[in-house]
Amino acid sequence: HDALPISLEKVTDGGLRFQGVRKNDDYSNNLIVTKDRNLLDRNFVFEVLVTFQPNDGIAHIGFGTGRQEPGANRRENSTFLRFHSPDFGEGKVELATSEKETVVMGTVAQKGVHRVCFTKEGDSLTILVDPENDGPSDDDFETVISNVREQLPSLTSKNAQLFLGGTATYTATRLKFMK
Numbered sequence: 445h446d447a448l449p450i451s452l453e454k455v456t457d458g459g460l461r462f463q464g465v466r467k468n469d470d471y472s473n474n475l476i477v478t479k480d481r482n483l484l485d486r487n488f489v490f491e492v493l494v495t496f497q498p499n500d501g502i503a504h505i506g507f508g509t510g511r512q513e514p515g516a517n518r519r520e521n522s523t524f525l526r527f528h529s530p531d532f533g534e535g536k537v538e539l540a541t542s543e544k545e546t547v548v549m550g551t552v553a554q555k556g557v558h559r560v561c562f563t564k565e566g567d568s569l570t571i572l573v574d575p576e577n578d579g580p581s582d583d584d585f586e587t588v589i590s591n592v593r594e595q596l597p598s599l600t601s602k603n604a605q606l607f608l609g610g611t612a613t614y615t616a617t618r619l620k621f622m623k
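So in our numbering the end of the sequence shown lands on 623, straight run, no missing numbers.
Take the hints with a grain of salt, since some may be wrong.
Simulated pairs of lysine-lysine, DSS-like, Cα-Cα distance not exceeding 25 angstroms [as the list claims (entries may be wrong)]: (1) Lys602 x Lys623; (2) Lys620 x Lys479; (3) Lys479 x Lys623; (4) Lys555 x Lys536; (5) Lys620 x Lys602; (6) Lys602 x Lys479.
Label pairs and their computed distance ranges (CB to CB) [said to hold, decoys possible]: (7) Asp578 x Val547: 19 to 29 angstroms; (8) Ile476 x Lys555: 16 to 26 angstroms; (9) Lys620 x Asp584: 27 to 37 angstroms.
Calculated from the structure, these hints are not laboratory results.
It should be emphasised that the depicted structure is a prediction, and the values quoted were computed from it without experimental measurement.
Built from N, CA and C at the ideal position, the CB exists for glycine as well.
Make the full structure from the sequences, and use the hints.
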């Protein structure tokens, strides 16, 4: 089928909001990716601030190709967060992979601006969720993928990127490379 045009709205605080796609619609076209696609071979910290509007469904924040799998709510060759809005899925945060695995990491039921951080060092990828972006606290949760190359063997030095998608407002992003 024909791809739907991406629809972004600049919000008053300078962020970007994916709009025009309801909770259960196909949102494969709603995706922003990094220009740099050789992130499998680089160490980095990628931070995202995300918030939700009342009709939002699920934000996708991830590492990999980011392509939508046909007929599925998944991203091919990727590991990514499926961050549900508090009004949809009660704020459940799942770690999903293209291998059909989904693990619930935690829940962020409160409204606010939340921080997500992907840190890649060597082959290890740590994913941290900081509800309300309040710094280290008891409600933070994280997971570590000890070997992202083994988990996503189809990634190469030419198709590994970071991406944002789904339905949400992204108020800030930062990508810092480390040695």
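Exercise for the section: Quickly compare the C-alpha distance for Lys602 and Lys479 to 25 angstroms and report which way the hint goes. Expected result: Roughly 11 angstroms between the alpha carbons, so the hint for Lys602 and Lys479 holds.
Exercise for the section: Return holds or violated for the Cβ distance of Asp578 and Val547 against the range 19 to 29 angstroms. Expected result: Given range 19 to 29 angstroms: holds, Cβ gap about 24 angstroms.
Problem - Assessment of proposed distance window 27 to 37 angstroms (beta carbons of Lys620, Asp584) - result: violated, 20 angstroms
Exercise for the section: May I ask you to test the hint 16 to 26 angstroms on the CB atoms belonging to Ile476 and Lys555? Expected result: holds, 23 angstroms
Exercise for the section: Take a quick look at whether Lys620 and Lys479 sit within 25 angstroms of each other, Cα to Cα. Expected result: holds, 14 angstroms
Exercise for the section: Take a quick look at whether Lys479 and Lys623 sit within 25 angstroms of each other, Cα to Cα. Expected result: holds, 19 angstroms
Exercise for the section: Quickly compare the C-alpha distance for Lys602 and Lys623 to 25 angstroms and report which way the hint goes. Expected result: holds, 19 angstroms
Practice task
Sort out whether Lys536 lies within 25 angstroms of Lys555, counting only the CA atoms.
Solution key: holds, 13 angstroms
Practice task
For the pair supplied as a hint, Lys620 and Lys602, confirm whether the alpha-carbon distance does not exceed 25 angstroms.
Solution key: With Cα atoms ~19 angstroms apart, Lys620 and Lys602 stay inside 25 angstroms; holds.
Comparing the model with each earlier hint shows a violation of hint 9 alone; every other hint is respected.
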